[in-house]
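Residues -45 to -1, 1 to 426 (mature numbering (1 follows the signal peptide of the UniProt record, and there is no 0)) make up the sequence shown, in order.
Check each hint, because a few of them may be wrong.
[Claimed, not checked] The list that follows gives simulated cross-link-like pairs (lysine-lysine, BS3-like), each with its CA atoms no further than 27 Å apart:
no. : residue 1 : residue 2
1   : K260      : K194
2   : K170      : K88
3   : K182      : K170
The hints are simulated quantities; they were obtained by calculation from the structure and are not laboratory data.
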Amino acid sequence: MNNINKLMGMTSIMNTKNKLKTTLLIAAGALLLGVTATQATTANAAPTTTASSTKKTTSTTKANTKRYDAQITAPKSLASGYQIYSNVPGTKNTTGTPTTVTSSSKYNNKYVRVMQTQDSGSATYAQIRYNGKILGWMNANGLTKVSFKSIAQATMQQYDAIGTVLVSHNKSLTPTIVSNGFANMLHSTKNASDGTVVYPLASLQSTMTGVIIQKLINAKQLTPTTKLSKFYPQIAHSKTFTIQQLLTMTSGIKGNIKTPSDLLSEDDAYDNAIKSLTSTGKTTFKYSDINYVLLAGIISKVTGKTYTQNLQSRILNKLGMKNTFIVNDTQPTMAAIKAVSYTLNGNSDYQNSQSVSYPTLSALPGAGNVLTTPTDYYKFVLGIQNNKILTPNSYKKLTGYSTKYSGGMYVNQKAVKFNNGTYTDTGFSTGYYASDGNQHVTVTFLNQSPLKNNMTPAQFTQKMNNIATYY
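Kindly produce the complete structure, drawing on both the sequences and the hints.
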């Protein structure tokens, strides 16, 4: 009986296993049929795009972050230029499908900074920046590598800027110097910054005068609130305005200095300035060189030495400015050629040649009686921020007496100081920009005006500074 029961149990187990196998086979078949059906359906359906698929493609090439300067030069056969994309076509990224931003034809022959390059598999693309703005990515075949110097030189030629320009970018140990045209057409003397040619500095000298005043304030020989009446009581309203207001051109003084026929001593120049001025008693900004001629006279009165002696000992000698000359009652002895100014008449260069006379220069101590080179002035620009002439705190004070103009510099742009100068009725103009910490510096000395394309000398200096900043 027990054997019969065991036999019946074994039979039951075998039946259960067979049923399980059958069930598994049916399930496997259904699964196989389902997969096949799904594949067939998928093969015939329209392709779908998911969010992740738009952000990933096959290329995994890493970007090359080596930067360089370039000119956009799309081939003539590509009239519309290369497309500039939001990101590299055909590369793995997280910014979505590349979209067309613009066409390179809009920037043809413009200079750009290549920020990085990347291979898409079919082409190399470059991310380009124009005047500080990222434009996007374009085919690198539409770019030609150029040097920083060639950009500066081409910009001078574009505006027919006759003169010499110095640009220093990213605290370069060696500034880039480019010149264009003649300093003296008659003698075939080319513009240069090597000491063979000197240029009248004009109002850029005001910064030197402001620096000496700040040094006297540091030494407690003056205060910003010292009244002008202490030194020149004969000037109207001199009891109501201060050294600080002379530094910021808010003294109410206006007028143009009368041009003498002969060289003037410093004392005669101060008397001439006082006779030339009008004191209004107003405290709004009004640019006049007379403010800084009076400051030069104050420097002489406080120190008991001439302004010339102060400038020579406190700045020129300390910075090794050997190609800088001061004009007073004696004409400086120098081997350098004094640049001649010209006028651009239509498309004709070197018209109406004239020179700033030595008597004219001698009438402007503190505000325009210096002859120098861009290289020498560059030494000065560096010196007032690198502790050679002023400490950082002193520089901050000198540039902080106003929010527009202070210490011989315009201070109304963020993180940069600048100034411009001209001599009335001549082709001479000077200008400089210096970013905080001397990261980027530009010095322009031009001896012809006007410039082409309605560009003013001040705008040209700013444009050259953009090159120093963005390339």
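How the hints compare with the structure:
Proposed proximity of K260 and K194 is supported: the alpha carbons are some 25 Å apart, at most 27 Å. Proposed proximity of K170 and K88 is contradicted: the alpha carbons are some 40 Å apart, above 27 Å. The straight-line distance between the Cα atoms of K182 and K170 is roughly 18 Å, inside the 27 Å bound, and the hint therefore holds.
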